[in-house]
Amino acid sequence: MASIDIKDVRKAYGSVKILHGVDLTIQDGEFVVLVGPSGCGKSTLLRMIAGLEDISAGEIKIGGKRVNELDPKDRDIAMVFQSYALYPHMTVAGNMSYSLRLRKTAKEKIASAISGAAEKLSLTPLMERRPKALSGGQRQRVAMGRAIVRSPKAFLFDEPLSNLDARLREHMRGEIKKLHQDLGATSIYVTHDQIEAMTLADRIVAMNAGIVQQVGSPLDLYDRPANLFVAGFMGSPAMNMFEGTYRATDGAPRVELGQGVTVALAGPASTADGARVTLGIRPEHVVVGKNEPESIPAQIDLVEPTGFGTILHANAFGSDVKAFSLERGLAARGDTVSVSFPVERIHLFDTTTGSRIG
Amino acid sequence: MRSNKRIVATIAHRAAILCYVAFALFPLFWVLKISVTPNDLLYSEGVRLWPSRAVFDHFDFVIRHSDFPLFFRNSMIVSLSTAVIVTILSSLGGYAMSRFSFRGKFWIVGLMLLTQMFPLVMLIAPIFKILSPLGLTNSLSGLVLVYVAFNVPFATFLMQSFFDGIPKDLEEAAMIDGATRFMAFRQIILPLTLPGMAATLGFVFTAAWSELLFALMLISGVDASTFPVGLLSFVSKFSVDFGQMMAAGVLALIPACLFFFFIQRYLVQGLTAGAVKG
Ligand SMILES: Nc1ncnc2c1ncn2[C@@H]1O[C@H](COP(=O)(O)OP(=O)(O)O)[C@@H](O)[C@H]1O
Ligand SMILES: [Mg+2]
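Protein sequence lines, in the order shown, are assigned to chains A and B. Letter by letter, the first sequence follows residues 1 to 358 in our numbering. Letter by letter, the second sequence follows residues 1 to 278 in our numbering.
The set of hints was computed from the structure by calculation and includes no laboratory data. Take these hints with a grain of salt, some might be off.
[Claimed, not checked] Below, simulated BS3-like cross-link-like pairs (lysine-lysine); rule was C-alpha separation at most 25 Å, straight line:
{"hint": "1", "chain 1": "A", "residue 1": "120", "chain 2": "A", "residue 2": "153"}
{"hint": "2", "chain 1": "A", "residue 1": "61", "chain 2": "A", "residue 2": "120"}
{"hint": "3", "chain 1": "A", "residue 1": "177", "chain 2": "A", "residue 2": "120"}
{"hint": "4", "chain 1": "B", "residue 1": "168", "chain 2": "A", "residue 2": "153"}
{"hint": "5", "chain 1": "A", "residue 1": "290", "chain 2": "A", "residue 2": "322"}
{"hint": "6", "chain 1": "A", "residue 1": "109", "chain 2": "A", "residue 2": "153"}
{"hint": "7", "chain 1": "A", "residue 1": "17", "chain 2": "B", "residue 2": "5"}
{"hint": "8", "chain 1": "A", "residue 1": "17", "chain 2": "B", "residue 2": "105"}
{"hint": "9", "chain 1": "B", "residue 1": "168", "chain 2": "A", "residue 2": "132"}
{"hint": "10", "chain 1": "A", "residue 1": "153", "chain 2": "A", "residue 2": "61"}
{"hint": "11", "chain 1": "A", "residue 1": "7", "chain 2": "A", "residue 2": "61"}
{"hint": "12", "chain 1": "A", "residue 1": "153", "chain 2": "A", "residue 2": "7"}
[What the hints assert, rightly or not] Rough simulated footprint, nothing fancy, chain B against chain A, three-plus residues with beta-carbon under 8 Å:
{"hint": "13", "stretch": "62 to 74"}
{"hint": "14", "stretch": "168 to 180"}
[As the list claims (entries may be wrong)] Over 10 Å on every C-beta distance to chain A, these chain B residues come out as not near it, computed from the model:
{"hint": "15", "residue": "27"}
{"hint": "16", "residue": "29"}
{"hint": "17", "residue": "164"}
{"hint": "18", "residue": "233"}
Even glycine gets a Cβ: it sits at the ideal position worked out from N, Cα and C.
Please build the complete structure, drawing on both the sequences and the hints.
Listed below in structure tokens is the structure:
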């Protein structure tokens, strides 16, 4: 096991820049999740750490040692691919022992290592099968097994669960978390699924367009998103965002949202009076009531029951306001209700730069 | 109604295939028939499907009293060497084409295509001119050299399409597991390309086995003649010994048949895999 240091790492394919300077330190034993939309450069960064992609500029250290010039085989890391990349002409046992055989490990050691890994992943009855004869979930576990048979400095995962159906994905998510708690190995996990990121990570690295947007614990990112991108990306149903004008005259900071609706803020924001701002509030924080004073009148457009709760779409001040409630039967389509935004739950962003300002 | 139609369609389909196969195999049958027809019956019995008396005299003569075994051996050496060398070269080249982008790749591919554009007849004189001072005319190695040169471009494209069909992830996984790129190629990629290699091997072997033009032009002595050239020796100034010629032909078919018999399992996989991809 080892820490990983990434210093101002850049990647360009010819003149096309993919990564614009990534800085990141991953502690020994930490589980870090890289999350971001498709094409933002997550895989590229992971593959650079693995040594499968050249580093255009910057430096990567594994366990304090610079690895920029090292071949993948000399970096002592293990990787689980989205496609699993199982060797089709080898059995499960052959797939799992390949790395050990390359290292000329003694036969008895190999046998005990793969039987241990097989046990952990309940693969024992499948050891003599070829990948062709396995289900998707089983293949996924073999790919995991191949990574854990040797004790590498770090585990890299590139969307390992994307090819599984929802139920299995949820199950394997738990398995991966348990495995990490067991082994305590440094892990970097790439996904575009924010739920996976939230549930697995010690620390999340949110990326967009080749730039790290925010690094922090899952709840940090959820509760205090650093900018509009993170605010919109984390959480489902997604955060409500309303554009408005910031007003701070007469000592009462507030946002004018249009149609005469004004929302009070808890404190002053770090911007000037009259600035264009975006007010964000998570659907589960929107309070839906019946014509309370101090609240905004709204009409229910759409009711989406999820079983777990209900998503209400209300039309207020010309915008769609989503509210999530665990209560059922709170309102029906066509009802006139009122919505309010508790001040301590409001996020405020600069509309042009996207940064958090309050 | 519907199933009737389907039955008719199936029958028509099979019949068409049967016609085609019969058409394609008839000359081979005729070769076989003449090879067992005694000389005295060849012109006297008219056109019939099988002679009234079948004998193996021609085979006996060809094997024991002609230069045919020598031709046969030469052909075997030339075709096998060509097939093996071309398969090795085109596997390496095809892998590079499939996996790497390197300077001049575009021009190399262009040049390789260019070599496929000329009628071979045009090239005989220059090639003779090149090989002659090197002492490579009238020698089997010269012939192998020429065959290899002419088969490598196409075989490389063929092999490239097989490699393209194998996901990059596999060798990347192997390299992370601790293999060098060459080990990943040899232990992971090559075993998966065996069908492709068998197809290439078979294709090049038959091409070299039946090649006549260069064999005829570059080789003048009996010692280095291959069997297609040897077949011509049954044509003398005054007559053609059809019986012996056909017997030699039948014998020459055997290695090609055996070869395909052994690789056909891979070949069908290989050609279809290549076809889907490439
Ligand atoms: N070999 C390549 N040549 C050019 N562009 C590439 C190459 N590989 C990836 N890219 C580009 O880099 C960007 C990031 O890709 P990737 O890291 O795979 O994204 P992610 O994994 O976040 O979905 C994409 O826009 C992709 O088109
Ligand atoms: Mg990716």
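Verification of the supplied hints:
1. 120(A) / 153(A): 20 Å, holds
2. 61(A) / 120(A): Roughly 30 Å separates the two Cα atoms, so the pair is violated.
3. 177(A) / 120(A): At roughly 13 Å apart (the allowed maximum being 25 Å), residue 120(A) and residue 177(A) satisfy the hint.
4. 168(B) / 153(A): 24 Å, holds
5. 290(A) / 322(A): 16 Å, holds
6. 109(A) / 153(A): 19 Å, holds
7. 17(A) / 5(B): Judged against 25 Å, a Cα distance of about 60 Å means the pair is violated.
8. 17(A) / 105(B): Roughly 24 Å separates the two Cα atoms, so the pair holds.
9. 168(B) / 132(A): Distance of about 18 Å is within 25 Å: holds.
10. 153(A) / 61(A): Status holds; Cα separation ~12 Å.
11. 7(A) / 61(A): 8 Å, holds
12. 153(A) / 7(A): The hint holds at about 19 Å.
13. 62 to 74: n = 3 at 8 Å, threshold three: holds.
14. 168 to 180: Coverage by chain B is violated for the stretch 168 to 180 of chain A (0 residues, Cβ < 8 Å).
15. 27: Non-interface label on residue 27(B) holds, nearest chain A Cβ at 41 Å vs cutoff 10 Å.
16. 29: For residue 29(B), whose nearest Cβ neighbour in chain A is about 41 Å away, the distance exceeds 10 Å, so it holds.
17. 164: 16 Å, holds
18. 233: Label holds. Min Cβ-Cβ 48 Å, cutoff 10 Å.
When held up to the earlier numbered hints, the structure conflicts with 2, 7, 14 and fits the remainder.
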